[in-house]
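Kindly generate the complete structure, drawing on both the sequences and the hints.
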Amino acid sequence: MKKLSRFNDWVDGELDFPLSTLHDARPERHERGRHHSMSDSRSLSAFSKVYALLCLLVCLLLVCTLLAVAAALPGFGSEENPTVNEVSEHYVGQAEHETGAENVIAGMILNYRGFDTFGESCVLFLAVCCVMQLLWSTGAEKKQKTDFGGQDVILSRVCRVLVPCVLCFGLCVLFSGHTSPGGGFSGGSVLGAALIIFALAFGDGAVSRFFSRRIYNLVRITGLMVYALMFGCYIFLGANGIESELSRYIVLVVDIAVGLVVMSTMYGFYSFYTKGEL
Amino acid sequence: MTGLINAIIDNRYAVTAVLLFVIGLANMLLQPNLIKKVVAFNIMDSATFLMLASRGFVEGRVAAVLTDGGADVSRYVNPIPAGLVLTGIVVSVSVSAFSLALIQRIYARYGTVELGELLKLTKKEKV
Amino acid sequence: MIRPAIAGLLYALALFVFFSEILGLYRFKYVLNRMHAAAMGDTLGIMLIVAGTIVLRGWSMASLKLVLILAFMFLTGPAATHLIAGGEVRSNEHAGGEYTQEDRR
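Residue numbers (this note's numbering), protein chains in the order written: chain A, 1 to 278; chain B, 1001 to 1127; chain C, 2001 to 2105.
Incorrect hints may have been included.
No more than 30 Å apart at the CA atoms, straight line, and that leaves these computed lysine-lysine pairs for DSS-like [to be verified]:
id	chain 1	residue 1	chain 2	residue 2
1	B	Lys1123	B	Lys1037
2	A	Lys49	B	Lys1123
3	B	Lys1124	A	Lys49
4	B	Lys1124	B	Lys1036
5	B	Lys1126	A	Lys49
6	C	Lys2029	B	Lys1037
7	B	Lys1120	B	Lys1036
8	A	Lys275	B	Lys1037
9	A	Lys49	B	Lys1036
10	B	Lys1037	B	Lys1126
11	A	Lys49	B	Lys1037
12	B	Lys1037	B	Lys1120
13	B	Lys1036	C	Lys2029
14	B	Lys1036	A	Lys275
15	B	Lys1124	B	Lys1037
16	B	Lys1036	B	Lys1126
17	B	Lys1036	B	Lys1123
18	B	Lys1120	A	Lys49
By construction, these hints were calculated from the structure, which means they are not laboratory data.
This is how it looks when you write it as structure tokens:
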């Protein structure tokens, strides 16, 4: 906790980075006096003019080049497209047999390219960690932020109808990701949206009653751990050798794990942006 | 002339994606407001996703969710770009969230998100 | 024959509503007036479009989903507008009383 506040101080510029050699340069700059600032601002405005011209030039060059490339591409929707090759044919043809998922895209991202999706989940996890470190409010700031939730009658009445429907829809999308359109990412974001609406309508206290910081961290980490363990075991057991039923089960579990990570990410972003804590 | 128009109509999504991308890039380079820079970054992302998704489509085929027809390869569109777009969306959300958090910190410290004023303030601070 | 005619009528009405919405959004000066125009178009225009589509395609599973979308839009659109208007009232110190010329800009 103390380290975190030191980090915050460093981000705010109140604390210098330990191996700073900038300290020695500072008094020298002070002596140079203020008459430099006028010429500085003049050179700055001249620089901004040149900069705008250069930017326009670069953009024009880029648009010409890219349009020339786009005109040379095979037409939209044609079968000669180089992306429609034997790889995609293998995915479509073998996905149901090898992964047990009727949704080829879910089978592809959670089975053939499972480690890639694991990396994506880690990116989300790290994004929440970065936002947490940047926006975790210290004691002084915390008092200024007031909780507007739970005051609005119309919103809370609407949400009493809306939140169960959105939750059901999110769960439906999450659990049927391997057989129909949907999956962990979309289902997880719908669930996160339901949590955010709930927090807006009934106040943050209502959410933290069942989704406290402990549980939040637990859900977040459990999602990633379940993904890593299940997929690691699956690869270790020989991937394609497993019969179809078991691998469908693995796709479903991994999908739910991704959904948990995405849900907690969405709610975490909301929570840290509005009140700076969980 | 007709050849050019035909090429544009043939690749209408690619042309739209290129225009969107350059609009986003120009805004990202020239906007003085940091929030608008983030918006421009998201426009560029959307252009990339449009390009990828349009590359995977094949005329007359349906989305790659197997139905009663079974695994007939010539019935479904290419699933790979959809997966790539999914990856891209995740990365774009994370980068946007991170940059918005940084901007919030900058605003809390300097009270502005305009780049010119920020440059002046930081210069004053150094002197 | 009668079905496409009714659907076309509904679509034309919806287009009119959307046109007046955008006109109001750009021509009105004060934020609450503009919000009123936008919310009108959002609820009424989308209702007309969805109703036209239901008439055109007849009763099926898809039109049931459209009815669900309609219900969702009817719940959420006015509530969202109400919240934004509440934000304006809360942040504008002249709200509820007389508006100065500066507020209207």
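Each hint tested on the structure:
no., hint, result
1, B:Lys1123 / B:Lys1037, "22 Å, holds"
2, A:Lys49 / B:Lys1123, "20 Å, holds"
3, B:Lys1124 / A:Lys49, "22 Å, holds"
4, B:Lys1124 / B:Lys1036, "25 Å, holds"
5, B:Lys1126 / A:Lys49, "24 Å, holds"
6, C:Lys2029 / B:Lys1037, "28 Å, holds"
7, B:Lys1120 / B:Lys1036, "20 Å, holds"
8, A:Lys275 / B:Lys1037, "24 Å, holds"
9, A:Lys49 / B:Lys1036, "20 Å, holds"
10, B:Lys1037 / B:Lys1126, "25 Å, holds"
11, A:Lys49 / B:Lys1037, "19 Å, holds"
12, B:Lys1037 / B:Lys1120, "19 Å, holds"
13, B:Lys1036 / C:Lys2029, "24 Å, holds"
14, B:Lys1036 / A:Lys275, "23 Å, holds"
15, B:Lys1124 / B:Lys1037, "24 Å, holds"
16, B:Lys1036 / B:Lys1126, "27 Å, holds"
17, B:Lys1036 / B:Lys1123, "23 Å, holds"
18, B:Lys1120 / A:Lys49, "17 Å, holds"
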